[in-house]
Amino acid sequence: MANLKTVSKKSKAQSMGMHTEVLTGRTQQKFFNPDEAENFYYFGTYDVDFNKRTELDVKDMTAPEANKEIDNLMSQGYGTIVIKNPQGKHSLGVGILNKLNLIFEGSLGYFGMGSCDGPIVRINGRVGWSCAENLMAGKVVIEKNAGSCFGAAIRGGDLICKGSVGARTGIDMKGGTIIIGGDAGAFTGFMMQRGRIIILGDVGINLGDSMYDGTIFVGGEIGSYGSDAVDSELTSSDQDWLKRKLKVAEIGENFDVSKMKKIVAGKKLWNYDNLEPTEKKGAI
Amino acid sequence: MCGIAGLIHRGKSSNVGSELQGMLQALKHRGEDSTGYALYGDTDGKNFIMRFKVGENVGEGSSSVMEDVSVYDQRKKIVDETLAEMGAKIVKEERTLPYSLRYEIDYNVKDLLEFSQRIESIPGVEILSMGKSLEVIKDLGNAKMVCDRYSLDKIVGTHAIGHARMATESGVDIKSAHPFWGYPFSDVSVVHNGQLTNYWNNRRVLENKGMRFMSECDSELIAVYLAEKMRDGATLEEGMKASLTGLDGVFTYFVATKDSLGMAKDTMAAKPLVLYESDDLVAMGSEEIAIRSVLPQEIDTYDPFDGEVKVWQI
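From first to last, the protein sequence lines are chains A and B.
The first sequence begins at 1 in this note's numbering and counts up by one.
The second sequence begins at 1 in this note's numbering and counts up by one.
Among the hints, erroneous ones may be present.
Dumping the calculated DSSO-like pairs for lysine-lysine here, alpha-carbon to alpha-carbon at most 30 Å [said to hold, decoys possible]: (1) A:68 / B:28; (2) B:241 / A:144; (3) A:162 / B:310.
To be clear, the hints were calculated from the coordinates, so they are not data collected in a lab.
Given these sequences and hints, build the entire structure.
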């Protein structure tokens with residue numbers, strides 16, 4: 001287990017603004033050991049074949065029925081599932097903890113692809129509020145626009161919207177990457193704690209309000225900065241990463257990343273000390 | 001949580017009663033304490049249409065007090081007498097429910113303030129709407145229940161706005177239900193999703209300026225606020241832009257006039273709105289599924305940004 005107390009120099013990840021705080025105290029994190037991999041069991045996962053493809057028309061299904069059927073198809077080994085006629089229904093594709101190639105031929109309503117871990121998803125339409133909330137890993141690509149709270153509280157994975165998004169994109173995000181091809185609304189990155197947001201277009205008022213950590217890159221105009229959001233130097237590492245990420249995301253491949261603005265937390269709002277909560281309580 | 005929906009056909013008429021019913025029914029999970037419609041029907045424009053109530057729906061879930069039908073009859077009689085005294089001739093009369101009436105009135109006065117004050121001075125009587133095209137119909141229950149009760153599915157017109165309500169700040173009754181008429185302006189109506197936090201401050205100011213409130217529902221403030229702005233000479237769009245700073249809280253609201261439909265969203269974009277716009281139709285609602293009820297095919301929609309105001313003409 002890495003002893004983080006002994007890390008004296010900034011890592012590359014820290015220099016890119018992925019995280020800047022120095023962790024102290026005991027970690028609860030359990031590190032992955034490949035020798036013990038066979039002992040791990042992930043509830044509700046199936047061994048699927050990406051070459052095994054099927055279609056599912058959800059026009060006359062409720063969201064729970066559609067989600068159960070997706071689970072059923074995965075249990076039969078289907079690794080590529082095309083969803084027909086989603087018609088803006090809420091909560092489609094939630095809770096998929098599996099590798100899966102999922103394609104929606106249409107738009108989703110609220111909470112689409114929430115609490116997922118691992119699938120590769122393409123949505124050939126628009127998504128409503130809170131798309132991919134709590135995403136742990138995987139990739140979700142939206143071909144059109146997205147509503148507010150896009151990528152709320154995601155922990156990992158890539159979330160890509162080729163159009164514009166509403167307000168509070170990346171609110172409370174704790175990791176992962178959000179990429180927006182168009183514009184973003186007010187309070188983008190509100191209270192984000194880690195991870196990165198890339199916006200190629202303009203962004204609304206109160207950008208990065210009360211952000212704890214993480215990084216926001218903006219290609220267009222900024223409506224206003226939120227409390228404690230400050231500019232930071234765009235390094236060559238940042239530019240390399242941005243180019244690579246945009247290429248993989250299939251948007252803005254020729255975008256001039258050197259002119260992007262980098263926003264990080266000013267950390268003036270931080271109000272923490274080194275005392276553990278129990279010690280602090282005793283001190284009070 | 002409430003749901004709002006609206007649509008405007010540009011350059012043609014359609015079955016807006018049925019279309020709005022489908023949109024609001026798709027939003028019924030956002031609240032079905034009451035549902036309201038503001039329909040702009042095709043008329044010859046000669047007579048005023050007055051929708052009014054002489055009592056409340058005291059059905060299940062209502063916060064209203066039970067009254068005998070004879071009380072409604074007495075109030076209706078006084079309304080008829082008052083109209084006659086003012087020289088307003090009742091051309092057509094419909095009594096859909098014991099407490100809910102629709103009159104077509106031949107009345108050639110532009111200022112509806114005195115007219116409305118006279119009618120509403122009758123205890124228990126409230127004008128739901130007054131206009132040459134506008135008809136506000138609202139009652140307890142979900143969209144389909146209200147539509148069936150008032151036979152709204154056959155109404156043809158150019159545009160409409162509606163509201164599915166979950167009562168949070170005021171009672172479950174018709175007077176607190178949306179849409180609100182922009183008293184005393186002909187053909188102005190408002191629906192709102194959100195919560196206004198400077199309601200009482202604004203209400204006191206507006207009441208001192210002679211404006212009228214019928215309920216304690218914060219959403220009524222928007223209709224009164226816009227009416228007061230227009231009374232002072234502002235256009236609808238100017239009034240709506242002023243409301244972004246004049247009203248405090250979170251809101252997305254729609255306002256409609258005889259020939260236009262507008263939307264405004266607060267500066268924090270805290271309340272949802274999905275919008276579809278084409279050359280011949282604008283449809284919008286709290287959720288995309290509302291729009292899908294009239295446009296099931298794949299379409300391009302978007303969320304308006306914070307502080308955005310838009311107005312469309314028929």
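How the hints compare with the structure:
{"no.": "1", "hint": "A:68 / B:28", "in the structure": "24 Å, holds"}
{"no.": "2", "hint": "B:241 / A:144", "in the structure": "29 Å, holds"}
{"no.": "3", "hint": "A:162 / B:310", "in the structure": "24 Å, holds"}
The structure agrees with every numbered hint stated previously.
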